[in-house]
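S.K.: Chains as they are written, first to last, in the numbering used here: chain F, 10 to 381; chain X, 9 to 832.
These aren't lab readings, by the way, just hints derived from the structure by calculation. It is possible that some hints are incorrect.
What the hints assert, rightly or not - With a straight-line Cα cutoff of 20 angstroms, these simulated EDC-like cross-link-like pairs (lysine to aspartate or glutamate) come out:
| hint | chain 1 | residue 1 | chain 2 | residue 2 |
| --- | --- | --- | --- | --- |
| 1 | F | Lys-354 | F | Glu-101 |
| 2 | F | Lys-31 | X | Asp-309 |
| 3 | X | Lys-320 | F | Glu-35 |
| 4 | X | Lys-700 | X | Glu-744 |
| 5 | F | Lys-344 | X | Asp-329 |
| 6 | F | Lys-43 | X | Glu-162 |
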Amino acid sequence: MDKNVQEEQSMGIIKFTPPLYKQRYEFVKDLVGKYKPKKVADLGCADCTLLWMLKFCNCIEVLAGLDIRASVMKEKMHRLSPLPADFLQPAERSLTVTLHHGSVAQKDPCMLGFDLVTCIELIEHLEESELRKFPEVVFGFMAPSIVVISTPNSEFNPLLPGVTLFRHPDHKFEWTREQFQNWALETARHYDYSVEFTGVGHPPTGMENVGFCSQIGVFVRKHPQTSEFLQSEKPTEAVYKMVFKAVYPSLKDEKYLQNAVVSEVIFTARIIKQSLLYRLMSGHEEYNERKSKFPPSVNCLSEDPGKLVVEKSMEPFVNGNMVYIPLTTIFSFPKVNRLCGTFEKLCKLIAGKVALSSDGSAVIFSTGHKEN
Amino acid sequence: QSCVPPSVSEEPGGRGRQKGPQRLPQHQRLQLSLGFQELSVADRGRRCRDFHDLGVNTRQTIEHVQESKTGSSGSLIKLTANYFRLTSRPQWTLYQYHVGYSPEMEARRLRSALLFQHEKLIGKTHAFDGAILFLPKKLANKVTEVLSRTRNGEDVKITITLTNELPPSSPTCLQFYNIIFRRLLKMLNLQQIGRNYYNPNDPINVPNHRLMVWPGFTSSILQYEESIMLCADVSHKVLRSETVLDFIYSLYYQVEEKRFKDTCAKELIGLIVLTKYNNRTYRVDDIDWDANPRCTFRKADGSEISYVDYYKKQYNQEITDLNQPVLISQPRRRSGSILQGPVALIPELCFLTGLTEKMRNDFNMMKDLAVHTRLPPEQRQREIGRLIDYIQKDDNVQKELRDWGLRFDSKLLSFSGRVVQGEKILQSGNVFDYNPQFADWSKEMRGVPLICSKPLDNWLLIYTRRNYDSANTLLQNLFKVTPSIGIRMNKATMIEVDDRTEAYLRALQQNITPETNIVFCVLSSSQKDKYDAIKKYLCTDCPIPSQCVMARTLSKPQTAVAVATKIALQMNCKMGGELWTVEIPLKQVMIVGIDCYHDTLSGKQSIAGFVASLNQTMTRWFSRCVVQGRGQELVDGLKACLQTALREWFKWNTYLPSRVIVYRDGVGDGQLSTLVNYEVPQFLDCLKSVGKDYNPRLTVIVVKKRVNTRFFAQWGSALRNPPPGTVVDVEVTRPEWYDFFIVSQAVRNGCVSPTHYNVIYDTSKLKPDHIQRLTYKLCHMYYNWSGVIRVPAPCQYAHKLAFLVGQSIHREPNLLLSDRLYYL
């Protein structure tokens, strides 16, 4: 992917491919890939596009957005809700997404404990008084490990057609690289962060001296926060209003774990039952031979039911018109194993949900499979 | 042709719909401004048809129902229905504005963003689709101009012009209500799948079948007889907790290698899948076995990327199996939008939804599901009440409603319906009543001679060696049951064949003579290919009635006699016999039933079954069907059918009918106007063409089985299904239509579903009461069921015929068969 600017000479219009806002979001995404933060907050999250992109990052367990304009957040916030598929196949990780209505000039305890805080094209919208309070709120109070701040580079503005004063009517200022860096260095020094500067939106050839279209500062806290005590020493009243909360289904939640285990146990048991009845009716050599022809890339069912059953000395059996499939056999299937961890956990989770033999050691089915 | 994965969009979409490219061509942008009229805003960028047939005002053309369209007979019954009144403030008005941009802005998102830079002016409560803006308030000026600035610093002049002040019942308002209601459902965190909304937080797991059932709601807001109401019903979405890849693997374990790909195609094509990474559903149209996730496609910006990399980058989705095939989905073509290429989907990233044909035939599975989905009246009403509860209890929802000045009633609508009296069943001089609660007279007709029986003098019984016993038992049982119902029977010519299709066909070719009355085939199991071949041969090349039965059906001793009786009746009808009738006071009337079968899987053929009565007692029917070729209109064929039906009628009665009443089934949502504007005139034309002095009265009634309306009968403090014969023609009908509901059948489990009848054309001058009664009578006349059914018999016959032709025969059967119910 080429992040260079395309200059359409004839029209004198500068066009970025991909668009500049996407490049800024990609930058954040790459940063998340690199540092693997668990808790991420986006200040000035607007229509939640960045949050939406970040929800796909597997390392993130808590995502929070903050904006001063609730209506803009609300318009598209539902795309942060879990999808049907998230319920059908709950993820390993837990994820909670919240949106808050409030100002970055105010402290709220809900913003504590984050690993990464992003402020993408935010600061230029702040009034002078707000900008003054901003470093204390973000660096002093929230004090995450990493802060990313992006803002327009005013040196680039002459290359943008139609921009006379600022790029957007709501901008209160736009800084040159020097202005931004001075502010950033001073802030970093004061709150004991290190800062590096970069940006997105390369200038056209020959104009390199103006710098990136969007300038970015990445702040990293120099000393790891020692303990939770620091946070509890900052009793603050909640001032933000939560406008959205979505808790994604996760296997960490017993309810979803139980569903997943029960479903997997029954499915596995049925496969074993089928292969058992199949082998009882015909020669099992033929069965195994056919399976071995399966494409090598099989991942989801590579645990060949036939083979496993033979290897372990815990064979399923038929007694009368019931098929008994020992739980130990089922537990030996990687998927079940991975879900439960321990055999005890398996027994606990399926208790009362799956028909078991009287001693509770095997799943039972009736053999009458074609009676209708 | 290269396929692309679905374009990136986080918004829920409908089946197989793609969002347009970023830069819309001119004509598509123009369409945007029509957005609201087509309910587009509801789904942000996708357009749907008018599913409610708004604006088709047929009642105004029917003179004799201008004053009243209600019937009178029967006893009153207290009913509640799944409707809630929508009320608005007095003098409520919705203000509609047109929003123009100078210079033109194309992206809808940008248009919104620019407009809402002026939230102070517009206010927090609004609905905007990119061109039309709805507000609950009137702006100070008729035309307001404001300036906004884009991210690129471009100044844009926005002109907001008041175009309409809408009263609560205007059609635009109705669409607006539906949009707002969808917004509310979203606020309640319900998930949109297709047209309905589901609650994912409390799924019902059916682990035996790897199914998950989501409870949800279907809803629509419309102007009904007296008021604007929300019709809400419980809906269940069956989802499967396995991916298409899982499914392909399990198929691989189940079938032979050489049939594997075919089986996959058969099972998967036509299914709706749900993608893992966004909330979209697609219909599987093909499986590309030559492709795999490593294949590349060209992105909109021109760069090449493989599916694996694309999904990794875009959605962080790992594709683990790199050898899986790729599913192809053809976007549905919609008028006005540009044709888009097929979409490629990765099986591992798609979940299956709904049930396959095989699952539907799995009795145990359906039983396990029915426990959760078939709700008895009390429970159904409770579930529906939950929706209103959610609405009343959620603060955000209440605020949104308040901001717009709207409110929903918290109680189900209640009113009175009528239960018309049961019919007397007439059979060869015998008259009997049936228990109205069950609407079934199979017991009563036992041992009563039929109106007209056809002898089994000369008939073939074909079976395989394995099924000899079944065939023989059947023969003995037929000898037992036929005398009492008056059917004369000789021993069949018994023919044993190998269990191969060719063997059956050869036996038919060698043994059928001009004297053969009927052919009986015992099949080993549900072998569709054999069944199809036999039916095809005996319906087209060699027109002889035939009866195919599975050996298993015959083999259960406890039901053998009952089955034999049923088969004897069925064979009698197929040969042109008549079973029973009801009293039909209307004279010289020809009843027509039409239903359609759409072959969605293979040929994309449509078939219309056409059935017309031949006699006064409605015991004999003339049946034809139309096999619609490509680019042909169904109605042309229907016209020809009507012509021959009139000719046949003349042959039977020596005069022409003075009234023709058409029951038209198989009309999809949103197709009503086509019917009114195109099909009805064709029928009229056809009648006119018969003769100068021939001017019969025509009535056309659209029959709809799939409606969301439910009625509950109050029975003390409990709720029950309304009894068969319940007629509703008030409150929940539509003021612009001459329509009514009838509950004609009885159900054992769950809630009964009423049938909706909409008289779209009527010069009969018959009172509504008479039309209602006649309709109910006709529901008694379906010979394959000794009870009352959901639709008038001719519709069910037409359905049966169209289904047989669509499934097995694929071309019009021989007309020599057209005077009997050979397709039963």
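S.K.: Hint by hint, say whether it matches the structure.
M.R.: Consistency of the hints with the structure:
{"no.": "1", "hint": "F:Lys-354 - F:Glu-101", "in the structure": "holds (17 angstroms)"}
{"no.": "2", "hint": "F:Lys-31 - X:Asp-309", "in the structure": "holds (14 angstroms)"}
{"no.": "3", "hint": "X:Lys-320 - F:Glu-35", "in the structure": "holds (13 angstroms)"}
{"no.": "4", "hint": "X:Lys-700 - X:Glu-744", "in the structure": "violated (33 angstroms)"}
{"no.": "5", "hint": "F:Lys-344 - X:Asp-329", "in the structure": "holds (16 angstroms)"}
{"no.": "6", "hint": "F:Lys-43 - X:Glu-162", "in the structure": "violated (36 angstroms)"}
Hint compliance for this structure: hints 4, 6 are broken, all remaining hints hold.
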